[in-house]
Every structure is written in C-alpha cells, then in structure tokens.
Amino acid sequence: MSDTKKILIVDDEQDIVETLKFMLEAQGYECYCAYDGEAGLSMAKEIIPDLMILDVMMPKMNGYKISRLLKYDTKYKDIPILMVTARSQEEDKLIGQETGANEYITKPFDLDEVIEKVKEYLD
Numbered sequence: 110m111s112d113t114k115k116i117l118i119v120d121d122e123q124d125i126v127e128t129l130k131f132m133l134e135a136q137g138y139e140c141y142c143a144y145d146g147e148a149g150l151s152m153a154k155e156i157i158p159d160l161m162i163l164d165v166m167m168p169k170m171n172g173y174k175i176s177r178l179l180k181y182d183t184k185y186k187d188i189p190i191l192m193v194t195a196r197s198q199e200e201d202k203l204i205g206q207e208t209g210a211n212e213y214i215t216k217p218f219d220l221d222e223v224i225e226k227v228k229e230y231l232d
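Numbers in our numbering are just positions in the sequence shown, counted from 1, shifted up by 109.
Hint data in this document are derived by calculation from the structure and do not stem from the laboratory.
Among these hints, one or two may not hold up.
[Stated by the list, open to error] In silico DSS-like links for lysine-lysine, alpha-carbon gap of 30 Å or less:
| id | residue 1 | residue 2 |
| --- | --- | --- |
| 1 | Lys-226 | Lys-174 |
| 2 | Lys-226 | Lys-202 |
| 3 | Lys-202 | Lys-130 |
| 4 | Lys-184 | Lys-226 |
| 5 | Lys-216 | Lys-228 |
| 6 | Lys-226 | Lys-154 |
| 7 | Lys-216 | Lys-174 |
| 8 | Lys-130 | Lys-216 |
| 9 | Lys-184 | Lys-114 |
| 10 | Lys-202 | Lys-169 |
| 11 | Lys-228 | Lys-202 |
| 12 | Lys-114 | Lys-202 |
Let's have the full structure, built from the sequences with the hints guiding it.
Structure below.
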C-alpha cells in the first residue's frame, strides 16, 4: 500500500491542469486529471482522492455541483476540496462554502499558494 497522496485536478483549462500536475508531482503527489465536471465526479468516486482541486466553471457539471454531491455522500465527504475559480465575488465564495469546499482560491492564482494549501491538508 503506497503512502503517496492522490490528488484529483478537475479543470477545463488544460494548461492549468498540466501546470498544477507538474508542480504537485514534483512535490511527490500522485495526480489524476479530468477536464469536465462529469468526468471529474466519476473519477472522484473511482479513485477516492486524498484531495481535490476543483474548478467552478466547467462543461457538463460545475464545481459547485460536484462539491455538493461529494460532500453530501458519507463515502466522500471527508475529501478536502480546494475550489478554484476566476469568479472572485464574495457571493461566489459563499456558494463555495455552502457546497462544502474547504478552500476557495481565485484565478489567476499563485502556484506556491496552491501548493501550500495542498500541504496544509495532506501533511
């Protein structure tokens, strides 16, 4: 059984996913990626990641909905979710909190900040 922590990155912007994956794998995490909400949700249920980095605005299903579906399911409710979004309005942050997101990071984000947050939850 490996102790490597699994991170699921769900974002429809491929460059963001690739960058995060590269940075997080350099830190020793195992990364899985999905590029739309539906794929992200099914992958989350399949691999049960130790943490999710989740974009809000995505095709097929938005991040709020994924977060809500996972947080209301006892099997997945303990997965920390870092919600990433270009929408920085206070209202969006509140929705993020209501759907169970543990952190709310606005784009463009500082990669180091994201890595720090990930470490906070996983170390």
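Hint-by-hint comparison with the structure:
1. Lys-226 to Lys-174: The given pair, whose Cα atoms are some 22 Å apart, holds under the 30 Å limit.
2. Lys-226 to Lys-202: Since the Cα atoms of Lys-226 and Lys-202 sit roughly 16 Å apart, the hinted pair holds (cutoff 30 Å).
3. Lys-202 to Lys-130: With a Cα-Cα distance of about 24 Å, the restraint between Lys-202 and Lys-130 holds, given a limit of 30 Å.
4. Lys-184 to Lys-226: holds (23 Å)
5. Lys-216 to Lys-228: The hint holds at about 19 Å.
6. Lys-226 to Lys-154: holds (22 Å)
7. Lys-216 to Lys-174: Within the cut-off at roughly 19 Å; holds.
8. Lys-130 to Lys-216: Measuring from Cα to Cα gives roughly 16 Å; hence the hint holds.
9. Lys-184 to Lys-114: holds (18 Å)
10. Lys-202 to Lys-169: The hint holds at about 21 Å.
11. Lys-228 to Lys-202: With a Cα-Cα distance of about 21 Å, the restraint between Lys-228 and Lys-202 holds, given a limit of 30 Å.
12. Lys-114 to Lys-202: holds (27 Å)
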